[in-house]
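Asks: Order-wise, the sequence lines are chains A and B.
Mapping the first sequence onto our numbering, position 4 (from 1) lands on 4, and the numbers just tick up by one.
Mapping the second sequence onto our numbering, position 104 (from 1) lands on 104, and the numbers just tick up by one.
Everything labelled a hint here was simulated from the structure, so no lab data went into it.
Please read these numbers as outputs of a predicted model, since none were measured by experiment.
Beta carbons: idealized from backbone N, C-alpha and C, even for Gly.
Among these hints, one or two may not hold up.
FRET-style restraints, in silico, Cβ to Cβ [claimed, not checked]: (1) A:15 / B:65: 41 to 49 Å; (2) A:15 / B:109: 25 to 33 Å; (3) B:62 / A:16: 42 to 50 Å; (4) A:58 / B:9: 22 to 30 Å; (5) A:67 / B:70: 36 to 44 Å.
Listed below are the simulated EDC-like cross-link pairs for lysine to aspartate or glutamate, each with C-alpha atoms no more than 20 Å apart in a straight line [unchecked claim]: (6) B:57 / B:22; (7) A:98 / B:30; (8) A:54 / B:104; (9) A:98 / B:28; (10) A:98 / B:72; (11) A:98 / B:62.
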Amino acid sequence: GIQVEQSPPDLILQEGANSTLRCNFSDSVNNLQWFHQNPWGQLINLFYIPSGTKQNGRLSATTVATERYSLLYISSSQTTDSGVYFCAARGFSGGYNKLIFGAGTRLAVHP
Amino acid sequence: DVKVTQSSRYLVKRTGEKVFLECVQDMDHENMFWYRQDPGLGLRLIYFSYDVKMKEKGDIPEGYSVSREKKERFSLILESASTNQTSMYLCASSSQPGLAGVLEQFFGPGTRLTVL
Numbered sequence: 001g002i003q004v005e006q007s008p009p010d011l012i013l014q015e016g017a018n019s020t021l022r023c024n025f026s027d028s029v030n031n032l033q034w035f036h037q038n039p040w041g042q043l044i045n046l047f048y049i050p051s052g053t054k055q056n057g058r059l060s061a062t063t064v065a066t067e068r069y070s071l072l073y074i075s076s077s078q079t080t081d082s083g084v085y086f087c088a089a090r091g092f093s094g095g096y097n098k099l100i101f102g103a104g105t106r107l108a109v110h111p
Numbered sequence: 001d002v003k004v005t006q007s008s009r010y011l012v013k014r015t016g017e018k019v020f021l022e023c024v025q026d027m028d029h030e031n032m033f034w035y036r037q038d039p040g041l042g043l044r045l046i047y048f049s050y051d052v053k054m055k056e057k058g059d060i061p062e063g064y065s066v067s068r069e070k071k072e073r074f075s076l077i078l079e080s081a082s083t084n085q086t087s088m089y090l091c092a093s094s095s096q097p098g099l100a101g102v103l104e105q106f107f108g109p110g111t112r113l114t115v116l
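Pulled out of the complex, with its shape left as it was, chain A reads as follows (with noise of 0.2 Å):
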């Protein structure tokens, strides 16, 4: 089946700095997600992108299905940022949408 790896597996940044956080799936996909989980556990949607750039406020992704890999920018972070983002992915042999998870970027940003 498909594998997911994130990179790096930890970032800390000062407030106000930009990331770039890196998802490697190794086939092609139908679904690829960032999610940031919040301190209480939650698995909060960012992006749905299995190809192309989407932007929302502070945050964008790019993914560029043909060389395998998403990336996601954190921009003017904040300390409200910190937390754990996840890539999942959905292969195109999957089925019913069942997504393999990254180990995650653990991101601490400090004030």
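Mind docking chain B on chain A? Use the hints.
Replies: Same frame as chain A, now just chain B:
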């Protein structure tokens, strides 16, 4: 907005008890999922359902069963809880994959279950 709710945020049970975790979604989604999340192991799929009364095993179904009697509700059942089932349980839902269908999954707030 899609809303997925779970019956409890925190739950403490004793070994051997029967435990029910409930999940309800309000978007008329066909697909519903139960995951568990453990440190170092990430999110793993326990069971999913693609229609009322239909279910499929995920990657780690042992020790669990599920019930889907109504489209909006998906229950996870621990027949006889054990300490190794202490975990964070997350429910999700999505529409059915189709020619132009969006496959986005939406998650509930999670239930932290502790089995003593």
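Asks: For each hint, tell me whether it holds in the structure or not.
Replies: So, going through the hints one by one against the coordinates:
For residue 15 (chain A) paired with residue 65 (chain B), a C-beta distance near 47 Å keeps the hint of 41 to 49 Å intact. Taking 25 to 33 Å as the suggested C-beta distance range, the pair residue 15 (chain A) and residue 109 (chain B) conforms, at roughly 27 Å. Judged by the Cβ atoms, the range 42 to 50 Å given for residue 62 (chain B) and residue 16 (chain A) holds: they are separated by roughly 48 Å. A hinted range of 22 to 30 Å for the beta carbons of residue 58 (chain A) and residue 9 (chain B) is consistent with their spacing of about 29 Å.
Between residue 67 (chain A) and residue 70 (chain B), the C-beta spacing of about 43 Å keeps the proposed range 36 to 44 Å intact. Pair hint residue 57 (chain B) plus residue 22 (chain B) holds up; C-alpha atoms about 18 Å apart against a cutoff of 20 Å. Simply put, residue 98 (chain A) and residue 30 (chain B) have alpha-carbon atoms about 13 Å apart, close enough for the 20 Å limit, and the pair holds. The hinted pair formed by residue 54 (chain A) and residue 104 (chain B) meets the criterion: a straight-line CA distance of about 15 Å does not exceed 20 Å.
A threshold of 20 Å between alpha carbons decides the hint, and for residue 98 (chain A) with residue 28 (chain B) the separation of about 18 Å falls inside it, so the pair holds. The suggested pairing of residue 98 (chain A) with residue 72 (chain B) holds, with an alpha-carbon distance near 19 Å, which does not exceed 20 Å. Using a Cα cut-off of 20 Å, the hinted pair residue 98 (chain A) and residue 62 (chain B) holds, with the two alpha carbons roughly 18 Å apart.
In this structure, every one of the numbered hints holds.
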